[in-house]
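Visitor: All chains should be modelled from the sequences, with the hints used to inform the complete structure.
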Amino acid sequence: MTFNDRIFGVLLIVLAVAYGWGASQFPAPFGGSEAVGPETFPYLLAVVLVLSSLYLIVRPDPDNAWPWSRTGVELVIAVVVLLLYTALLQPLGFIISTTLAVGTLCWRMGADLPRAYMTGALAGVVVFLVFNFALGLALPLGLLSFLEAG
Amino acid sequence: METLGYLMDGFAVALAPHNLMFALLGAFLGTLIGALPGLGPANGVAILIPLAFTLGLQPETALIMLTAVYAGAMYGGRISSILLNIPGDEPAMMTCLDGYPMARKGKAAEALAISAVASFMGSLIATIGLILLAPLLADFALTFGPAEYFALFLLAFATLGGITGKNPMKTVVAACIGLMIATVGIDTTGVQRYTFGVLELYEGVDFIIAIVGLFAISELLFFIEDKAGGGKEKMTVNKLTLSWKDIREIMPSSIRGGVLGFIAGVLPGAGASLGSFIGYTLEKKIVGKKGYFGEGDPRGVAGPEAGNNGASSGALVPMLTLGVPGSGTTAVLLALLISLNITPGPLMFTQNADIVWGVIAALLIGNFLLLVLNIPLVGIFVKLLSVPPKYLLPIVTMIAFVGIYSISNTTFDLYFMVAFGVAGYVLRKLEIPLVPVILGLLLGPEMEKNLRHAMDISDGDWTILWDSGLAIGLWVFAGLGLILPYIVGPILRRRMKVATGTGGPEGD
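Each protein sequence line maps, in turn, to chains A and B.
Going by the numbering used here, the first sequence opens with residue 1, and the numbers climb by one from there.
Going by the numbering used here, the second sequence opens with residue 1, and the numbers climb by one from there.
Just so you know, the hints here were simulated from the structure itself, not pulled from any lab data.
Just so you know, even glycine gets a beta-carbon here, dropped at the ideal spot from N, CA and C.
Derived CB-CB ranges, DEER-like:
no. : chain 1 : residue 1 : chain 2 : residue 2 : range
1   : B       : Ser386    : A       : Val130    : 17 to 25 Å
2   : A       : Val17     : B       : Pro490    : 29 to 37 Å
3   : A       : Val73     : B       : Asp456    : 48 to 56 Å
Covered, in the sense of this in silico footprint (three residues per stretch, anywhere, with C-beta under 8 Å from a C-beta of chain B), are these stretches of chain A:
no. : stretch
4   : 47-60
5   : 85-93
Guide: Given below as structure tokens:
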């Protein structure tokens, strides 16, 4: 099967054309145009990318299988965990969000539940302490900010 | 003699107590990074860069620490090759051939010690080579004009896949993607390009975020896909019984391997894997029937190990003198230099002489530290190796998050990093190499600047790009770099495959 490279090649050509078109829309730089303007280098790149993508379409490599089914779901879970980790880092604070994120990832990778979250909590607390006290970098405390006064 | 004076100054920098301490820390972390599964040298150095900034380190200290990490990672790769027959990183593949049989015979500790000594010799030879060659090359590079630099950057991309690379066109695609990302932001004439009005994009895409995302996050995803969370079998190391005679016996192999490795490291397109491969084949040829290669011959461990370390130090030559890295890890070191506001290239040897020579001296000192660290402490590294990835990788990911968050204290960067991670996963699935993407990101601005300069000089005449003999030579080599893999690549790959009995090298 050689679908991957072909599909990717087509997508890249679309990207290259859009990118080249974007370059043609740049306003002329202040002080008149020069031999090489802001659009010249992007034009070059767009042309090279179109040519190399055409090669991918004409001479594709054999496909690597994509992980559908359960493994695919695991991957989506991992990405979602990372996104939620990012979103919750400031509201919940570093320690709690790290416990949840690292714990969930360990669990999904095959650790048993209590150990997974213990690892997460331990890692969160240790890294928080190291960063806040040894390195002087303030990580957000979030929900635990009441501890700060004490 | 001038070089010697600079080197002495370099030692003064590198031997300052805090620099020495960070070199030691770097060497330790580096060995760990090389040994642990799923943390290649490039990935490990990338994660440590933002942390080096958070620590508020001086440029030379940061660079010394990360150079030590780089050197250490090359040492670490051999541990799992020898004990488990699983190379920790790709150049360590050849070490498996005789290292694992030695371990099977109950000589694991000897194999580890021999490989440490050979690594040390390889690095030492290559560092001396670096000291001799780098100033010459830097002087020569001063004659380069913008057109030559433009051609040189093309050469760097063309040879990045290496002559054993599978599909050079994919390197081109990857380089284009990287260069395109590099054009995002406000350019030198003040024009906004591809910012879509997003304030965070005005200054362009921070390559540290891209590197950490591409390497660290995609690695996590690959581990999940391979369900490799369980870890490896338990490893044991016997008590070391090594005599001076054993060390003397492997010395010739180590020296040959180191010299070959250095040459392979300096040349564009060869790299550490080829260095260790040539090191091994040469040993087999020279020692011939007297050896028992493949059944645990110590010389079969020493040759490729010295070659691999020689190549990794040799790879620093083009990075330091020309600003053009030849491997993934040196590309990451280049990222560090750029973010420290040091312009790599020939001028660095005059303008930042203390930093360059400090780093070179640190490389020498780092090697002694590594030798001292590695022989007695190998037991600790072996213990840490048995930490299963299911705990390790989530923690590494978290450290990557902390590092990126600490750059600007915004979560925007983190979303960006995750996006790069997913993109990195898709690219790796398509066998599009990631290193050219990163190199494109790093070199893009310089490449465009040189193109503009060249065109300003020639008043818009494109022929200036191949006007001098030097430029033509660089173009020819760049062309060869793309064509040769089609001709000699399959032959070399097949040979390496036969030798190792595994898949050929795929470039990191």
